[in-house]
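Letter by letter, the chains look like this.
Protein chains: 2
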Amino acid sequence: MPTLSVFMDVPLAHKLEGSLLKTYKQDDYPNKIFLAYRVCMTNEGHPWVSLVVQKTRLQISQDPSLNYEYLPTMGLKSFIQASLALLFGKHSQAIVENRVGGVHTVGDSGAFQLGVQFLRAWHKDARIVYIISSQKELHGLVFQDMGFTVYEYSVWDPKKLCMDPDILLNVVESKQIFPFFDIPCQGLYTSDLEEDTRILQYFVSQGFEFFCSQSLSKNFGIYDEGVGMLVVVAVNNQQLLCVLSQLEGLAQALWLNPPNTGARVITSILCNPALLGEWKQSLKEVVENIMLTKEKVKEKLQLLGTPGSWGHITEQSGTHGYLGLNSQQVEYLVRKKHIYIPKNGQINFSCINANNINYITEGINEAVLLTESSEMCLPKEKKTLIGIKL
Amino acid sequence: MPTLSVFMDVPLAHKLEGSLLKTYKQDDYPNKIFLAYRVCMTNEGHPWVSLVVQKTRLQISQDPSLNYEYLPTMGLKSFIQASLALLFGKHSQAIVENRVGGVHTVGDSGAFQLGVQFLRAWHKDARIVYIISSQKELHGLVFQDMGFTVYEYSVWDPKKLCMDPDILLNVVESKQIFPFFDIPCQGLYTSDLEEDTRILQYFVSQGFEFFCSQSLSKNFGIYDEGVGMLVVVAVNNQQLLCVLSQLEGLAQALWLNPPNTGARVITSILCNPALLGEWKQSLKEVVENIMLTKEKVKEKLQLLGTPGSWGHITEQSGTHGYLGLNSQQVEYLVRKKHIYIPKNGQINFSCINANNINYITEGINEAVLLTESSEMCLPKEKKTLIGIKL
Chain A
7 MPTLSVFMDV PLAHKLEGSL LKTYKQDDYP NKIFLAYRVC MTNEGHPWVS
57 LVVQKTRLQI SQDPSLNYEY LPTMGLKSFI QASLALLFGK HSQAIVENRV
107 GGVHTVGDSG AFQLGVQFLR AWHKDARIVY IISSQKELHG LVFQDMGFTV
157 YEYSVWDPKK LCMDPDILLN VVESKQIFPF FDIPCQGLYT SDLEEDTRIL
207 QYFVSQGFEF FCSQSLSKNF GIYDEGVGML VVVAVNNQQL LCVLSQLEGL
257 AQALWLNPPN TGARVITSIL CNPALLGEWK QSLKEVVENI MLTKEKVKEK
307 LQLLGTPGSW GHITEQSGTH GYLGLNSQQV EYLVRKKHIY IPKNGQINFS
357 CINANNINYI TEGINEAVLL TESSEMCLPK EKKTLIGIKL
Chain B
7 MPTLSVFMDV PLAHKLEGSL LKTYKQDDYP NKIFLAYRVC MTNEGHPWVS
57 LVVQKTRLQI SQDPSLNYEY LPTMGLKSFI QASLALLFGK HSQAIVENRV
107 GGVHTVGDSG AFQLGVQFLR AWHKDARIVY IISSQKELHG LVFQDMGFTV
157 YEYSVWDPKK LCMDPDILLN VVESKQIFPF FDIPCQGLYT SDLEEDTRIL
207 QYFVSQGFEF FCSQSLSKNF GIYDEGVGML VVVAVNNQQL LCVLSQLEGL
257 AQALWLNPPN TGARVITSIL CNPALLGEWK QSLKEVVENI MLTKEKVKEK
307 LQLLGTPGSW GHITEQSGTH GYLGLNSQQV EYLVRKKHIY IPKNGQINFS
357 CINANNINYI TEGINEAVLL TESSEMCLPK EKKTLIGIKL
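Sequence lines, in order, name chains A and B.
Quick note: the first sequence uses this note's numbering, first residue 7, plus one each step.
Quick note: the second sequence uses this note's numbering, first residue 7, plus one each step.
Calculated from the structure, these hints are not laboratory results.
Glycine included, C-beta positions come from ideal geometry on N, C-alpha and C.
Be careful, since some hints might not be right.
To be verified - Cross-link-like lysine to aspartate or glutamate pairs, in silico, EDC-like; alpha carbons within 20 Å at most:
1) B:Lys61 x A:Glu75
2) B:Lys300 x B:Glu372
3) A:Lys395 x B:Asp15
4) B:Lys31 x A:Glu75
5) A:Lys349 x A:Glu158
6) A:Lys300 x A:Asp198
7) A:Lys290 x A:Glu75
8) B:Lys290 x B:Asp198
9) B:Lys28 x A:Glu254
10) B:Lys395 x A:Asp15
11) A:Lys28 x B:Glu75
12) A:Lys61 x B:Asp69
13) A:Lys28 x B:Glu254
14) B:Lys28 x A:Glu75
15) B:Lys130 x A:Asp151
16) A:Lys31 x B:Glu75
17) A:Lys96 x A:Asp198
18) A:Lys130 x B:Asp151
19) A:Lys290 x A:Glu201
20) A:Lys304 x A:Glu368
21) A:Lys96 x A:Glu284
Said to hold, decoys possible - Only part of the chain A face toward chain B is listed, based on derived beta-carbon distances under 10 Å:
22) Asn242
23) Leu246
24) Asn266
25) Asn278
26) Leu281
Could you build all of it, start to finish, from the sequences and the hints given here?
Here you go:
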């Protein structure tokens with residue numbers, strides 16, 4: 007019988023994420039509020055699910071003709087086709103030219119893991135990653151763990167108040183970096199599916215090759231299934247098939263078969279015009295609701311006379327956005343008001359509803375009045391591009 | 007605009023697996039038969055699903071109280087507890103001592119990937135793997151891809167006609183190897199859940215630390231969800247928590263959240279005595295049916311007077327087993343009879359039913375009579391142990 011542990015050199019890992027939620031859960035204060043959920047919340051404070059998803063899920067579970075066999079390693083073929091059409095548009099030139107493909111993955115994290123493994127295998131000297139966004143924490147760690155040096159980069163156009171695609175393109179060309187886009191919730195930014203992926207169309211039109219992590223968990227409300235895809239755009243079909251065949255080998259070792267349930271539900275919706283219409287309508291309602299919440303937060307802060315300009319709140323699209331608070335103010339909200347906000351001040355606006363909006367805005371007012379104000383650099387980019395220097 | 011492909015050095019990957027199925031699908035012969043499906047098949051030739059699974063799945067999809075939020079990175083807690091109790095028994099000393107834990111993974115491949123990543127990170131010098139089983143192809147590739155040298159090893163006791171746990175234990179001790187068990191379908195070997203994991207109990211009782219990949223996809227018939235767990239047995243709770251915390255970090259980068267649906271269905275069944283009873287009964291029926299099929303195959307071959315002893319067919323337990331044919335005979339069956347069998351002659355006996363048994367046994371008879379007979383080394387071990395030299 008062995009006497010020493012094989013694991014004796016293994017220390018307890020330092021937890022980087024999730025500690026805010028943990029502290030929130032351990033807090034006994036009755037009016038505590040958590041504003042950092044990853045998922046979109048309803049006005050009643052539950053994770054949002056598109057109604058058409060519930061209907062489709064029930065329909066599928068009652069269908070005796072379906073089988074529950076392993077999916078191929080590449081995933082559900084109809085799901086890949088439908089998701090690519092959603093991302094690029096049905097009549098995309100790149101789709102017509104057969105130079106766009108994808109591997110069905112376990113969520114967007116799975117797509118990043120797979121893509122990074124591929125780049126490490128075929129561009130062994132690649133060691134530098136530029137993250138063009140404010141999402142360094144989330145994605146940076148995966149790259150750091152795989153031995154990359156991570157730099158942040160901004161391509162914000164201060165005149166147009168947006169991310170300038172031309173600046174972005176120049177950066178990519180001049181630094182010879184390979185673009186790896188992240189589309190985590192198409193349709194939840196502007197509710198216009200096409201508008202939300204315009205940057206991809208632009209890169210395709212300019213003849214670029216790239217990877218893209220596409221997640222369909224958030225915009226359908228199927229969070230627990232991790233429905234994702236690693237999208238590959240190549241210069242031609244021959245190169246695409248080579249890349250996909252190598253990715254298949256990597257996916258085989260990672261999980262062998264991706265999970266089916268979520269992809270099956272989503273494919274049923276995307277391939278049925280009536281269900282597709284219902285889904286689009288549900289996205290519209292969510293986005294309108296979030297915009298309304300942001301308007302109300304801005305108005306209430308202005309009515310309270312809270313120092314500062316709060317226009318940036320409504321200028322941001324999507325579920326998540328910056329309050330524009332400094333770290334002292336964030337700390338005040340967490341410690342004194344039991345309003346849980348990440349250190350960077352980026353909150354999930356769908357967590358704010360009629361029941362908590364007054365408490366939250368009054369809390370923000372108090373935090374701004376009672377703490378020292380300091381210059382705040384508000385992160386600008388909403389979309390994430392990860393550039394790998396090859 | 008870039009002119010050269012970033013992927014121009016990437017060749018088409020050489021496909022190792024799946025080509026037999028592909029050839030089968032492309033075959034136009036009307037009576038073609040595929041005997042290498044990974045899943046358990048019904049007498050009607052469909053993938054087997056435990057009836058209680060279908061019932062539970064429907065019940066879950068009709069439950070409005072459930073949410074579909076992301077699972078924690080470690081997975082569904084109740085699933086982990088229920089699956090560990092299934093594996094070790096509810097009153098296992100190791101469970102009572104809090105030194106057994108698990109990470110909910112994307113199938114058994116995910117469990118292997120996660121476990122191997124951990125061992126690479128914490129035992130950087132480990133480079134040699136012993137695979138004690140006949141499953142070198144399946145598991146060996148994952149280890150080879152990660153830079154290990156893979157050796158096959160046998161611990162068959164020719165007198166007792168079984169894998170001798172004492173020989174196994176001596177091997178593990180003398181070579182200082184870390185055991186990584188594979189339990190892909192508990193209950194589908196003998197239909198006795200406890201009997202099918204006795205080797206684990208034995209190693210626990212001897213005070214060993216080990217990993218185990220546990221899959222619950224095959225024994226419930228939820229193939230398309232990849233329900234797995236990486237099981238960790240440590241010498242004490244403190245070491246266990248350290249290992250689990252490091253595994254959490256690795257799982258975060260791999261898929262962040264494991265898929266929920268399959269685990270939710272299985273947990274509902276394992277935690278409800280009535281449903282659990284139904285599931286056990288369904289396992290019993292499957293195993294009895296497979297044994298009956300094997301008996302019939304043996305009888306028919308004996309009636310046909312096929313040269314050779316066919317007792318080994320009924321001596322093997324589980325869905326998959328060896329026919330004991332040499333490579334020439336296998337090739338004859340594939341080429342001449344359109345009966346698709348892997349090169350090693352291991353078939354899925356649940357693919358044989360009343361409709362095809364005569365054609366198959368007559369084919370085997372023909373193959374044996376018409377090809378030269380040669381010494382056959384029949385792989386013996388049914389259970390897989392992967393030993394990593396630390």
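The hints, checked one at a time:
no., hint, result
1, B:Lys61 x A:Glu75, "18 Å, holds"
2, B:Lys300 x B:Glu372, "19 Å, holds"
3, A:Lys395 x B:Asp15, "16 Å, holds"
4, B:Lys31 x A:Glu75, "16 Å, holds"
5, A:Lys349 x A:Glu158, "18 Å, holds"
6, A:Lys300 x A:Asp198, "19 Å, holds"
7, A:Lys290 x A:Glu75, "35 Å, violated"
8, B:Lys290 x B:Asp198, "8 Å, holds"
9, B:Lys28 x A:Glu254, "15 Å, holds"
10, B:Lys395 x A:Asp15, "16 Å, holds"
11, A:Lys28 x B:Glu75, "16 Å, holds"
12, A:Lys61 x B:Asp69, "12 Å, holds"
13, A:Lys28 x B:Glu254, "15 Å, holds"
14, B:Lys28 x A:Glu75, "16 Å, holds"
15, B:Lys130 x A:Asp151, "15 Å, holds"
16, A:Lys31 x B:Glu75, "16 Å, holds"
17, A:Lys96 x A:Asp198, "15 Å, holds"
18, A:Lys130 x B:Asp151, "15 Å, holds"
19, A:Lys290 x A:Glu201, "13 Å, holds"
20, A:Lys304 x A:Glu368, "12 Å, holds"
21, A:Lys96 x A:Glu284, "19 Å, holds"
22, Asn242, "8 Å, holds"
23, Leu246, "8 Å, holds"
24, Asn266, "4 Å, holds"
25, Asn278, "18 Å, violated"
26, Leu281, "16 Å, violated"
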